[in-house]
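Participant: Chain by chain, the residues run as shown.
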Amino acid sequence: MLLVLLVVVVLNFLMLHLAPGDIADTIAQTMGGADEQDMAELRKQYGLDQPFFVQLFNYVVRVALLDFGHSHFYNLPVFDLIMERFPATLLLVFSAQILSLFVGILLGVYAAQNPNGLSSLFVNMFSLFGYAAPVFWTGILLLIAFSLHIPIFPVSGMRDITIESSNFFVHFFDVLRHLFLPMITLASIFFAYYSRLCRASMLEVLGADFVRTAKAKGLSKKDVLLKHALKNSLSPVITFAGLSFSAVVSGAILVETVYSWPGLGTLAFNSIISRDTPVLLGILIFSTLMVTVGNLLTDLTLKALDPRIKI
Amino acid sequence: MKKHFLKTLLLTATLIFTSLGVSFAEPKKGGTLIAAVGNNPRHLNPAVQSGIVTGFPGAQLFATPIRYDNNWEPQPYLAESWEISDGGKTVKLNLVKDAVFHDGVPIKSSDVKFSLETIKKHHPFKTMFAPVVSVETPDEHTAVLKLSSPHPALMLAMSSQLMAIIPEHVYGDGQDPKTHPQNSENVVGSGPFKLVEFKSGEHIILERFDDFFIDGRPYLDKMVLKIIRDPATRTIGLENGEIDFYAFENVPTNINRLKKNANLNVTPDGYAAIGPIDWLAFNTKSGKTADVNVRRAIAYAIDRNFILKAIMLGVADEARTGIHPGSPYYEPNVEAYDIDIDKANKILDDAGYKKGGDGMRFGLNVDFGWPGLRPNAEYTKAALKKIGIDVTVRQSADFPTWAQTVSNHNFDLTWDTVFNWGDPVIGVHRTYQTSNIKKGVIWSNTQQYSNPKVDAIMEKAGVENDMAKRKALYSELQKMLANDLPVYWTNTLPYHTIYSNKVGNPPMGIWATSSPMDMTYIKE
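Each protein sequence line maps, in turn, to chains A and B.
Take the first sequence: its position 189, counted from the start at 1, is 189 in the numbering used here, and no numbers get skipped.
Take the second sequence: its position 369, counted from the start at 1, is 369 in the numbering used here, and no numbers get skipped.
Derived by calculation from the structure, the hints in this document are not laboratory data.
Don't take each hint at face value.
[To be verified] BS3-like mimics (lysine-lysine), calculated; alpha carbons at most 27 Å apart, straight line:
no. : chain 1 : residue 1 : chain 2 : residue 2
1   : B       : Lys346    : B       : Lys386
2   : B       : Lys438    : A       : Lys44
3   : B       : Lys97     : B       : Lys146
4   : B       : Lys97     : B       : Lys113
5   : B       : Lys121    : A       : Lys44
6   : B       : Lys471    : B       : Lys92
7   : A       : Lys44     : B       : Lys439
8   : A       : Lys303    : A       : Lys221
9   : B       : Lys120    : A       : Lys44
10  : B       : Lys121    : B       : Lys92
11  : B       : Lys126    : B       : Lys92
12  : B       : Lys89     : B       : Lys121
13  : B       : Lys120    : B       : Lys346
14  : A       : Lys44     : B       : Lys126
15  : B       : Lys259    : B       : Lys309
Just chain B, with the same shape it has in the complex:
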């Protein structure tokens, strides 16, 4: 009887799932996706140019060994399987057998070797493949990476736009890959779409690559990436249906306005690995902010909730540490510095910063790296007045001006947005490592923060292959950093993807548009 019941249950379940399966819309083939991009890419070769602007077309033009699903799990892509052995020091990639480049030449293991070596030499994220000593190619479809030490960041570094497989017979012709003419035109890629036309300042047109190594994909015939710099114009384009898709929208008023439109979908999903965080960085070496008490008092005086509600209008998430809340390594249980003006005043009193006749203790400058962070800087002035710090908001003329000021350490406080880029080794360590205090280099350790214990933990976490142990190390790191407070982290940059109702399967993984859009389709 019981057995019979179970059988019935199983049958019913099967029936339900089958009927559900029918009701799932089958992706439709064909159609053109009109997307907008906010900036002009320098060129389209992600092997020698990082950043989300090149990432969008770059991830369509070039395939990577692996890709990630929504849950941070690596999935086969150009490598149909992989084996990790020798305590993480040997990584064997088994490539898809029938993959070809856009010019019809087969993709071989030697191309993987060439790509990795090119990236290692020319890509700005040196930590991605630093431990890779050599790449062996026992046969055409097998690439074996030999590492000097275990390197858990390797998996993420082989995904998204970070390890574009580029053809050796094109980019290995002796010209400098960074300035290769085929980075902008006649691009020979390995991904689901091939380049039709790149008109700087106007558009990038991509077309379905018929011999793509995944059968039946991509679904779209064509992708048009219109370069529209003005946010208001982009918003109107989405509203009147001229644009189907826009990723990386981060203007809160635009997001809230577009949310009201019934023809559009607005989602914050898909940016966990990109991991953009807004923060207030301190100069920990010189000036008043060299004193950790001053930094803590400032953190207590700045209300994270005010920023989330009044400046970000409720579209951003809280970020308590330098690791993005969407990352598996995020540790929310750290000192959060919730608003407490009395405590902040007491810390400053105790540390001997007496208020003068005008109620002020001392003055500080605050800079900001992006126009969108101006309200944060102005809020800082108002907030710190309450604890007797007289803040001057310094406006930089443009990005290079600000970069010079901050990278040469001529600042007290600065608002900034910095990206995680997947693994903490790639985008997080750089902000706190003593060895990365490099004058003149923006997004190095410009805080000049140095703590040997923190350095040691990062070194350990960087080579720890056991996920649980690694998590514990990063948890400890985040707690220590929150205590030392070289940076006061406030919120995620509210990146949102906006797509019209006729778009199916927009990229919702951890890499947003820096991942292949071979499954995106146009409904109806």
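Looking at chain A on its own, in the form it has when it is part of the complex:
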């Protein structure tokens, strides 16, 4: 685990180092120009004038000491920058994941009942559409529909700053209102995965002996479907959900940009563009953490579904 992290850190550093240009160029860009001394001074200040291996060594040592350092671009502690945005990403990623799982499974179960029927075809088409459409396009389409023509959702941000209320629920519903479109957009990519996987797995289970037994026992169709078949067909879906967690995190970058969602995605994107190495490293560690926690949750869910599994 630590070795993996070390390799990731070194690789990340290497890749950023290979990219042409550095923070001095980006700062010059935001300034509308800079002069020689300023740029040399900036490079010195951020240690960019030192030999490559010295930079790499310093970098790894700092990470080992859990020192995230200062953002070169914003000149703020990286930890603060990340913590400010981490909750927003966490909220978006987890709610989208849960939504896509829920809807995906629902659609999968529905489609499995009549695998060759029209409804199944419809489910397939709907979910494939979400999968195939670029997420920023879906986002803008939803914005045009539900912010412009039917103005029920806000276009950007996470909160309405003009609300001056101390009531928790007012703020809670405000965030929920802002969350709705980004969440749907991000979830739409994964409807296809989960619904198809669930459908296939359901079809397999529905043909199994224990389902026939359950039917023979005279259980209602609902009980057969939900209590026996679904519970046993969920494992592959949940496993896959755990694996695709990192994909959700990366999908969040685009969604956050479209909706100006104040999360880690936009910060990551900015820090790549502006060659802000310390911030990028910090985000990397946090997303690793997020994916690890996601996988842990997956394992726990699997165990709850199937007591034979040991963690």
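Chain A is already provided as a structure; the job is to place chain B on it using the hints.
Facilitator: Using the frame of chain A, we list chain B on its own:
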């Protein structure tokens, strides 16, 4: 009789003007302006960070000695008056008496001295205050700038976001002003608005400063600057009324779409001093473009009108030189290189560049610095094919990649957008000065263009205090540059301000949102 008639006329005129005066809407106090900004500022202190992103909040938080009206005339701001003497080598500023910083501490002449020295040392535009030798402070409300030579650019350099007056008791505490923690939070400013909250990536909230030195201003209670990076999202926000105001919109399709909206006003006014110009720069030192004939042929082959109509969709203006058409120094009577394919081919034939079997003479690369300039680069490929130049469009991954390529002079042609920043001394000279050929520095003289005559004219124009003589010098400069063609200028970047009908007095001066918005108000 005649006298009587005149009297009547005068009376009538007075009556008309009085009645007109009544019909002018009186600015209303109060209200919140919701504005969008397209980028996250690094921080909010314009004394050590230039650029339009910091400029918007920076000009609200910090006052400058003077401000400009729509006609490039300096107006009193923090300096209620000024005197220029000693042939332009002494500039005396008389400060407003009751001005205070946001923490209540009076603004003194020593703060002006401190601010100017900080800017001179840390601001990237070194030419702004380079001739200022010292600042004397005979009393608390008088600052006297001593210059080594006349410096007409000084007036513009003391306006807008360029000379923020920052408190010495806060930013002079020994910490590096560039990385001072109070650049981003607990900002102590001198301007019409004070900082409530700056949440990076989310918003900047500004609130009316009640003790602002101009009585009754600002009109607005609050300004919320939402950071929205995605242009489509911003456009939808303006359309559905969530956003009242957005400056620096430059996507032609968005501009034309928003123009159709009856609730919104779209105007190109207010950007003359910012002065953004799109141009095609040449490497004048190496490769085929080192030959002025090749540069001229390319200019003749590229149709400025095509760019204005097809790429800019009619929202940009023609720019024939490196000085913005809105500037008093703009000289339109230069060689314009209107499209002439035959002439271009002839120039190349005469210069000995023979066409090969495939109809091509030679190949060149074209780069572009901003994603919005991609169509220009692709058009260049199509246009130059007609004169037998095989152009390869090189796509840079992002800005730093492009900046490295161009600033290290590894290019043939590159599209770019460069800003005038007020006076030509600040934003124009840098592109053509021999002394500013600096490898590794973007927006220096990356063309590596060098002409001693051009250098001499710029040096003279930089210290010429007589407006008419100065204009003549810049006119000559623009003609010479158009002849040598280190850069082929095509159009202004079509910056537009978009504001909803409920916004009164949006900033329409020469500095757009890099000027104080103390007169902006919300109607109804």
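Participant: For every hint, state whether the structure bears it out.
Facilitator: Comparing the hints with the structure gives:
no.	hint	verdict
1	Lys346/B / Lys386/B	holds (12 Å)
2	Lys438/B / Lys44/A	holds (18 Å)
3	Lys97/B / Lys146/B	holds (22 Å)
4	Lys97/B / Lys113/B	holds (16 Å)
5	Lys121/B / Lys44/A	holds (17 Å)
6	Lys471/B / Lys92/B	holds (25 Å)
7	Lys44/A / Lys439/B	holds (17 Å)
8	Lys303/A / Lys221/A	holds (26 Å)
9	Lys120/B / Lys44/A	holds (20 Å)
10	Lys121/B / Lys92/B	holds (21 Å)
11	Lys126/B / Lys92/B	holds (21 Å)
12	Lys89/B / Lys121/B	holds (20 Å)
13	Lys120/B / Lys346/B	violated (50 Å)
14	Lys44/A / Lys126/B	holds (20 Å)
15	Lys259/B / Lys309/B	holds (17 Å)
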